Amino acid sequence: SGERQALVSRWSPGGRLDITQPSMEAREPVLAARRSVARVLGLRSAEAASWTELARLARGAGSFEVASTALLRAKALGDASAGVESARLLRAQGRVRAALAEIEPVVRDSRAVEAAAAGMTEAEQLEEGRRVLLATGWQLDAQCADRTVAARFRLAIKLGQQWEEGIYRLGRYFDSVLQSLMVAVSAGDLQSSVLESRDKHVTLVVQHFCRGLR
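Using UniProt numbering, you'd call the opening residue of the sequence shown number 1 and step up by one each time.
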């Protein structure tokens with residue numbers, strides 16, 4: 001009903017939760033109250049989102065068991081963002097490979113993801129973009145990325161409607177490639193292809209850092 005939607009809208013950013021201290025201890029009572037109200041009113045998505053938010057706070061506080069339990073509840077209620085938070089929790093526990101496995105399927109075929117995104121809502125596209133961005137960044141951190149890194153970053157930027165974070169991360173990737181090329185040139189590799197690639201990446205780095213810092 002309209003009244004229910006109005007209630008949920010007051011839970012969006014800028015509401016009471018945002019004026020409490022950003023800690024699990026301070027915000028958990030508010031989240032618990034929201035879950036109770038949402039459960040009574042049959043608002044599954046709002047209840048699920050509250051569980052996912054608790055998981056995020058618990059992860060930040062190092063309470064991994066609480067976070068895991070909250071994520072199980074969120075997933076059972078169908079919260080799409082619970083998968084990303086689950087991957088973040090695994091990574092916080094040092095389980096980088098497991099974290100990648102949690103979201104890896106969405107980045108195996110960028111073209112398939114892009115095609116599927118055409119039928120998604122704006123919120124779903126943003127969530128998919130977040131998954132692609134996280135997975136690609138983590139692959140780089142774990143040094144298990146392949147040659148499709150730039151394409152996946154661009155896909156994340158597109159899905160995220162020109163995310164500044166995605167643009168900046170792509171700029172950082174181009175900068176890492178540039179540094180490798182500079183080392184090669186310094187070592188005496190003066191092949192035209194190397195020099196051309198170096199010059200190209202200088203331009204790409206400047207372009208993406210400028211766009212990402214706007």
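Think of the hints as simulated: they come from the structure by calculation, not from any bench. Note that the structure is a prediction, hence the values are computed from the model and not measured. Just to be clear, a hint being listed does not mean it is correct.
Said to hold, decoys possible - Cβ pair distances, simulated, as ranges:
| no. | residue 1 | residue 2 | range |
| --- | --- | --- | --- |
| 1 | 36 | 63 | 18 to 28 angstroms |
| 2 | 36 | 141 | 34 to 44 angstroms |
| 3 | 114 | 45 | 38 to 48 angstroms |
| 4 | 72 | 123 | 17 to 27 angstroms |
| 5 | 39 | 62 | 25 to 35 angstroms |
| 6 | 114 | 140 | 32 to 42 angstroms |
Glycine is no exception: its CB is placed at the ideal position from the N, C-alpha and C atoms.
Hints versus structure:
Between residue 36 and residue 63 the beta carbon distance is about 21 angstroms. The supplied range of 18 to 28 angstroms therefore holds. For the pair residue 36 and residue 141, the supplied restraint of 34 to 44 angstroms holds, since their beta-carbon distance comes to about 39 angstroms. Between residue 114 and residue 45 the Cβ separation comes to about 26 angstroms, which falls outside the hinted range of 38 to 48 angstroms. Taking 17 to 27 angstroms as the suggested C-beta distance range, the pair residue 72 and residue 123 conforms, at roughly 23 angstroms.
As the Cβ distance of residue 39 to residue 62 is approximately 28 angstroms, the hint placing it in 25 to 35 angstroms holds. About 20 angstroms separates the C-beta atoms of residue 114 and residue 140, a value inconsistent with the hinted range of 32 to 42 angstroms.
The structure fails to meet hints 3 and 6 from the earlier list, while all remaining hints are met.
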